[in-house]
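Asker: Chains as they are written, first to last, in our numbering: chain Z, 40 to 93; chain R, 1169 to 1301.
Hints should not be assumed to be uniformly reliable.
Claimed, not checked - A few chain Z residues facing chain R, derived, Cβ under 7 Å:
#	residue
1	G48
2	A57
3	A58
4	L61
5	L62
Said to hold, decoys possible - To list a few chain R residues with every Cβ distance to chain Z over 12 Å, as calculated:
#	residue
6	L1179
7	W1200
8	A1202
9	S1203
10	L1208
11	A1212
12	Y1215
13	Y1242
14	A1249
15	T1256
16	D1262
17	A1282
18	L1287
19	V1289
To be verified - So the derived label-pair ranges between C-beta atoms look like this:
#	chain 1	residue 1	chain 2	residue 2	range
20	R	V1192	Z	Y67	24 to 34 Å
21	Z	V40	R	G1204	14 to 24 Å
22	R	E1207	Z	Q68	26 to 36 Å
23	R	F1266	Z	Y67	32 to 42 Å
24	R	S1270	Z	F53	39 to 49 Å
25	Z	A45	R	L1174	36 to 46 Å
Just so you know, the hints here were simulated from the structure itself, not pulled from any lab data. Just so you know, even glycine gets a beta-carbon here, dropped at the ideal spot from N, CA and C.
Listed here are the chains, written in short residue letters.
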Amino acid sequence: VNLDPALAGGIGAFLSAAATALLMFAAYQWPAGRNHADDEHHHHHHRHDDDEDG
Amino acid sequence: MPPLNLRWNVLGRPVKPVAFGLMVSMLAVCYWTASGRGELGPTAWAYVVAAAALAAAAALLVGWQRPSQRLAEYGLAGAFAVWVFRATAVGLSDTVPFNGESLILSLSVALIAAGSYTLEVADDLPPAPRHRK
C-alpha cells in the first residue's frame, strides 16, 4: 500500500483510537479483568490513585 | 498470585522492566517522529505521534515513581496506541518501501503493551512499599 502519509496517518490515528478503546473496554469488562475490590472503589467515586503494582 | 516485583530498587521503587522498556520505546518514537526523520517523515501526523509518545513516556515515568495506578495504566494504553498508530501509518504510507518488517515489529510491541496493560488492570495487589534505607 502506498498512500500519502497524511492519509495513512489519519487512518492510523482512527484505527489506533478504536483499538485502544477496545482494549480498555475489554480489560475492564471481561470477567478476568478488573477485580471486584477495585470495582467497589469505582462505585464510591474515590478510587485510590496510589495502589500501583505490577 | 504472589507479589511479583524485582528486588532491584531505583529511586525507592522496584524496577518495572516491561514499563521501563515501553517508556524507552516511547522516547525513541518521540525522538524520531519529532525530528521529522522517522518513517512518517516531517508530516503533521508524525508530530501528533511524537506528542502522544512523550505523554505516554511521562505517564509511565510518573506512574512508576509516585506510584500511581491510573497513570501507569494510561501510560501502557498510550504506548499501545502509539505502536498501533505507527504500525498502521508505516504499513500504509509511501514514505518508505514496504517490506513488512517495521509493521510486524510495531505490532509486536503493541501486543506487549496490550498484554502489560491488561495485566495491570487485572492486578488486585496493594502497592509495593516504598523502599527506605
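Asker: Verify that the Cβ of T1256/R lies farther than 12 Å from every Cβ atom of chain Z, and report whether the claim holds or is violated.
Answerer: violated, 4 Å
Asker: Is the nearest Cβ of chain Z still more than 12 Å from the Cβ of A1249/R?
Answerer: violated, 4 Å
Asker: Taking C-beta pairs only, is L1208/R more than 12 Å away from all of chain Z?
Answerer: With a cut-off of 12 Å, L1208/R comes too close to chain Z, as the shortest Cβ separation is near 6 Å.
Asker: Minimum C-beta separation from D1262/R to chain Z exceeding 12 Å: can you confirm that?
Answerer: violated, 4 Å
Asker: Does the CB of A58/Z sit less than 7 Å away from some CB of chain R?
Answerer: holds, 5 Å
Asker: Say whether it holds or is violated: Y1242/R keeps its Cβ farther than 12 Å from all Cβ of chain Z.
Answerer: The assertion about Y1242/R is violated, with a minimum of 10 Å to chain Z.
Asker: May I ask you to check that W1200/R keeps its beta-carbon over 12 Å from the closest beta-carbon of chain Z?
Answerer: holds, 14 Å
Asker: Please confirm whether L1179/R is truly not at the interface, meaning its C-beta sits more than 12 Å away from all C-beta atoms of chain Z.
Answerer: Fine: 14 Å to the nearest Cβ keeps L1179/R off the interface.
Asker: Holds or violated: is there a CB of chain R closer than 7 Å to the CB of G48/Z?
Answerer: Nearest chain R Cβ about 3 Å off; hint holds.
Asker: The hint names L61/Z as touching chain R; please verify it with the least Cβ-Cβ distance against 7 Å.
Answerer: violated, 10 Å
Asker: The hint says 26 to 36 Å between E1207/R and Q68/Z; measuring C-beta to C-beta, is that right?
Answerer: holds, 34 Å
Asker: Minimum Cβ distance from A57/Z to chain R below 7 Å?
Answerer: violated, 9 Å
Violated hints, listed in ascending order, are 2, 4, 10, 11, 12, 13, 14, 15, 16, 17, 18, 19, 24; each of the other numbered hints is respected by the structure.
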